[in-house]
Amino acid sequence: MVAMEKKTRLKLLVSKLLPQRMWVQSVFLMIWLNPFGLRMHGMCSPVLHCYACPLASFACPIGVIAQLSAIHIFPFIAIGLLIVMGTFFGSLLCGWACPFGFLQDMAAKVSTPRFKLPKWTGHFRYVVLIITVLAIPYFFGEEHWLFFCQICPAGALEAAVPNMVNQAMASEKIIWPNAIKLTIFILFLVTIFFVNRPWCRILCPLGGIFSIFNRVSVFFLQIGTDKCNDCKRCHNLCEYGIEPDKTPNDTGCIRCLECTKCVPEAITPANIFEQTKVMPTPKKKDV
Amino acid sequence: MPTINRQAVISCSLILIGSFLLIYGVFFHSTIVLPQNDKDSTTLLLLESAIIKDAIVGGLQFDETGRIKRTYMGKPPEACPT
Numbered sequence: 133m134v135a136m137e138k139k140t141r142l143k144l145l146v147s148k149l150l151p152q153r154m155w156v157q158s159v160f161l162m163i164w165l166n167p168f169g170l171r172m173h174g175m176c177s178p179v180l181h182c183y184a185c186p187l188a189s190f191a192c193p194i195g196v197i198a199q200l201s202a203i204h205i206f207p208f209i210a211i212g213l214l215i216v217m218g219t220f221f222g223s224l225l226c227g228w229a230c231p232f233g234f235l236q237d238m239a240a241k242v243s244t245p246r247f248k249l250p251k252w253t254g255h256f257r258y259v260v261l262i263i264t265v266l267a268i269p270y271f272f273g274e275e276h277w278l279f280f281c282q283i284c285p286a287g288a289l290e291a292a293v294p295n296m297v298n299q300a301m302a303s304e305k306i307i308w309p310n311a312i313k314l315t316i317f318i319l320f321l322v323t324i325f326f327v328n329r330p331w332c333r334i335l336c337p338l339g340g341i342f343s344i345f346n347r348v349s350v351f352f353l354q355i356g357t358d359k360c361n362d363c364k365r366c367h368n369l370c371e372y373g374i375e376p377d378k379t380p381n382d383t384g385c386i387r388c389l390e391c392t393k394c395v396p397e398a399i400t401p402a403n404i405f406e407q408t409k410v411m412p413t414p415k416k417k418d419v
Numbered sequence: 085m086p087t088i089n090r091q092a093v094i095s096c097s098l099i100l101i102g103s104f105l106l107i108y109g110v111f112f113h114s115t116i117v118l119p120q121n122d123k124d125s126t127t128l129l130l131l132e133s134a135i136i137k138d139a140i141v142g143g144l145q146f147d148e149t150g151r152i153k154r155t156y157m158g159k160p161p162e163a164c165p166t
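Top to bottom, those sequences are chains A and R. Our numbering applies: residue 133 is where the first sequence begins, and numbers increase by one. Our numbering applies: residue 85 is where the second sequence begins, and numbers increase by one.
The set of hints was computed from the structure by calculation and includes no laboratory data. Since we're looking at a predicted model, the values are computed, not measured. Here a beta-carbon is modelled for each residue, glycine too, at the ideal position from N, C-alpha and C. Hints may be right or wrong, so weigh each one.
Claimed, not checked - Computed Cβ-Cβ distance ranges for the label pairs, DEER-style: (1) 147/R with 367/A: 49 to 59 Å; (2) 367/A with 127/R: 56 to 66 Å; (3) 255/A with 104/R: 43 to 53 Å.
What the hints assert, rightly or not - Derived DSBU-like pairs (lysine-lysine); straight-line CA-CA distance at most 30 Å: (4) 364/A with 393/A; (5) 248/A with 359/A; (6) 313/A with 153/R; (7) 305/A with 159/R; (8) 393/A with 251/A; (9) 159/R with 313/A; (10) 153/R with 123/R; (11) 393/A with 359/A; (12) 241/A with 393/A.
To be verified - Derived, one-sided and incomplete: chain R residues facing chain A with beta-carbon distance under 7 Å: (13) 93; (14) 94; (15) 105; (16) 106; (17) 108; (18) 109; (19) 121; (20) 136; (21) 140; (22) 147; (23) 149; (24) 163; (25) 166.
Okay, chain A solo, but in the shape it has when bound:
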């Protein structure tokens, strides 16, 4: 009964927060935008937020891994933080805390034709991670044109653009980002109006890392096979082309938790500590 009560609490919390997801993302955005002027750049945040941004509370973990890879130092802090946060939440951080994901969610509110991406495109995230975050920095250093920070659109938006505005306002010489970064940034700005979360789903190395943890994370989604009536409503609720009734903890999932709106409530949020206890499940006739 205790397990049942706890499960209900988690479900209740998710159902209360779900309609307010944009507000939750806004609160996290405020946290990343250095509200207290501390600039704790010796520590990483668990989201993609460029530390060159004039308003950045913490360092970007991907930037730190790339930069330390360039000087052949193992990034214990960044890797440790990603393992801990990934194990607790998986890609829930992408869906609810990442400021760059929030921007793409805002763009998704604009009513334009939306194109669906094939599922295999998600594997490019690991290519980006291995090549531009680990291999290129390690072997060629930070000056190589494929070094992650040289091409990152989050860096262009959060650091290059505000710095250019500052330079223009101070009547200084404007320093433009390199052509590749600028091209990727413009492509990104166009694509977010036609594809839902294109960066997160195709190229984000941080999203790739967190999604690996989805299958073993403390917080996860479970499918109640006795409740699922195979109506496929969850397929329509998911904007990212996942079939939550088959793979609720898919690596392509950003854990927006929209699929938990499914009726009957076949897909539910859960955590491993509840699940280790015996949990009563309703019979088919009760559904």
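Keeping the supplied structure of chain A fixed, place chain R upon it in accordance with the hints.
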């Protein structure tokens, strides 16, 4: 999806490993860095958080001998060179 008990064991192990790496990185991991000035023979022993602060603004690079060297004297650069 692993079974729930197996998942709990994997999760707890990963949290322990991650916490160990994080604590080691914050409190113990340090690297020797050469100062920017060649005449200055004193080396710096920087903790990882200080290394991160320097590295993200392009403040650390390899020198000709393959050792890590500071690229600035006094105040660090304000922004990342990329």
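How the hints compare with the structure:
With their beta carbons about 57 Å apart, residue 147/R and residue 367/A fall inside the hinted range of 49 to 59 Å. Evaluation of the 56 to 66 Å hint for residue 367/A and residue 127/R yields a pass: the beta carbon distance comes to about 60 Å. Checked against the hint of 43 to 53 Å, the C-beta distance between residue 255/A and residue 104/R comes to roughly 30 Å, which is inconsistent with it. With a C-alpha separation of about 12 Å, the suggested pairing of residue 364/A with residue 393/A holds against the 30 Å cut-off.
For the hint pairing residue 248/A with residue 359/A, the CA-to-CA distance comes to about 28 Å; that is within 30 Å, so the pair holds. Our distance criterion of 30 Å between C-alpha atoms is met by residue 313/A and residue 153/R, whose separation comes to about 28 Å. Restraint check: the Cα-Cα separation between residue 305/A and residue 159/R comes to about 22 Å, which is no more than 30 Å; the hinted pair holds. Simply put, residue 393/A and residue 251/A have alpha-carbon atoms about 23 Å apart, close enough for the 30 Å limit, and the pair holds.
Using a Cα cut-off of 30 Å, the hinted pair residue 159/R and residue 313/A holds, with the two alpha carbons roughly 28 Å apart. In summary, the hint linking residue 153/R to residue 123/R is supported, as the alpha carbons are separated by about 13 Å, within the 30 Å threshold. The suggested pairing of residue 393/A with residue 359/A holds, with an alpha-carbon distance near 13 Å, which does not exceed 30 Å. For the given pair, residue 241/A sits about 19 Å from residue 393/A by alpha-carbon distance, which is consistent with the 30 Å threshold.
With 7 Å as the threshold, the beta carbon of residue 93/R stays out of range of chain A, its nearest partner Cβ sitting at about 9 Å, so the hint is violated. A distance limit of 7 Å between C-beta atoms decides the matter here; for residue 94/R the minimum to chain A is near 5 Å, and the interface restraint holds. Annotation: residue 105/R was flagged as interfacial toward chain A, and the flag holds, the nearest CB pair being 3 Å apart, inside 7 Å. With a cut of 7 Å, the hint placing residue 106/R at the interface with chain A holds, because the nearest CB-to-CB distance is about 3 Å.
Hint on residue 108/R holds. Least Cβ distance to chain A is approximately 5 Å, under the 7 Å limit. Nearest Cβ of chain A to the Cβ of residue 109/R: about 3 Å, under the 7 Å cut. The hint holds. The restraint placing residue 121/R at the interface with chain A is violated, with a minimum CB-CB distance near 19 Å, outside the 7 Å limit. The restraint placing residue 136/R at the interface with chain A holds, with a minimum CB-CB distance near 5 Å, inside the 7 Å limit.
Because the beta carbon of residue 140/R sits about 5 Å from the nearest beta carbon in chain A, less than 7 Å, this interface hint is met. The beta carbon of residue 147/R comes no nearer than 11 Å to any beta carbon in chain A, farther than 7 Å, and the hint placing it at the interface is violated. The closest approach between the C-beta of residue 149/R and any C-beta of chain A is roughly 14 Å, which is over the 7 Å cut-off, so the hint fails. Below 7 Å, beta-carbon pairs count as interface contacts, and residue 163/R has one with chain A at about 5 Å; its hint therefore holds.
The closest approach between the C-beta of residue 166/R and any C-beta of chain A is roughly 4 Å, which is under the 7 Å cut-off, so the hint is satisfied.
Consistency with the previously given hints fails for numbers 3, 13, 19, 22 and 23, ordered from lowest to highest.
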